[in-house]
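Enquirer: Protein chains in written order, with this note's numbering: chain X, 1 to 114; chain H, 115 to 223.
Please keep in mind that the hints were generated in silico from the structure rather than gathered at the bench. Only true hints are included.
List of simulated lysine to aspartate or glutamate pairs, DMTMM-like, C-alpha gap at most 20 Å: (1) H:K210 to X:E30; (2) X:K9 to X:E72; (3) H:K210 to X:D38; (4) H:K210 to X:E102; (5) H:K169 to X:E102.
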Amino acid sequence: NAGVTQTPKFQVLKTGQSMTLQCAQDMNHEYMSWYRQDPGMGLRLIHYSVGAGITDQGEVPNGYNVSRSTTEDFPLRLLSAAPSQTSVYFCASRVTSGSFYEQYFGPGTRLTVT
Amino acid sequence: KNEVEQSPQNLTAQEGEFITINCSYSVGISALHWLQQHPGGGIVSLFMLSSGKKKHGRLIATINIQEKHSSLHITASHPRDSAVYICAVRTQGAQKLVFGQGTRLTINP
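Looking at chain X on its own, in the form it has when it is part of the complex:
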């Protein structure tokens, strides 16, 4: 299994540009999520999905869209990038059922918005 994969690893955008961060997992996990990590702060949840066709907002959803058309893929879209979205983005997945699970993280995407 490849686990959780993310592309690209690095990206530089100009303010106002749009882009999609890709995330895929091959473990048949129902639950997938996107986090951002900023200096001095813990990981913050942007959006999450409990299964194909179901998405919901996390703690910091503004400026981001997601969709979940398949179990495997959970792309994160920035519609109009802003410098405040400069961050490291992590995608994660896990099984949904049960209270005891392991969270798997992708390698991260380092995004800079100028």
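Keeping the supplied structure of chain X fixed, place chain H upon it in accordance with the hints.
Expert: This is chain H only, laid out in the frame that chain X set:
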């Protein structure tokens, strides 16, 4: 106040020292995770626990549910243990994790 607080924020020690990182939380939880993030950025899960103690190699994690506190210990620390250690809790009835700010550990040879 954050729901999950870690201490210390930064820790520097000499190789071989016994390391303790603390995590306190203010909400009811169903599970607590300890994660490790290496300088390259990748995050891996070290432990998940809801009671008692777990051990894996030189790493030991404990949790006291009544006191809402968990500790991560590293015995015989090594420079390769240098990383950011993150505590995260799954609140009762919720699907989401709440993360601490992380503890940056540096082990000098």
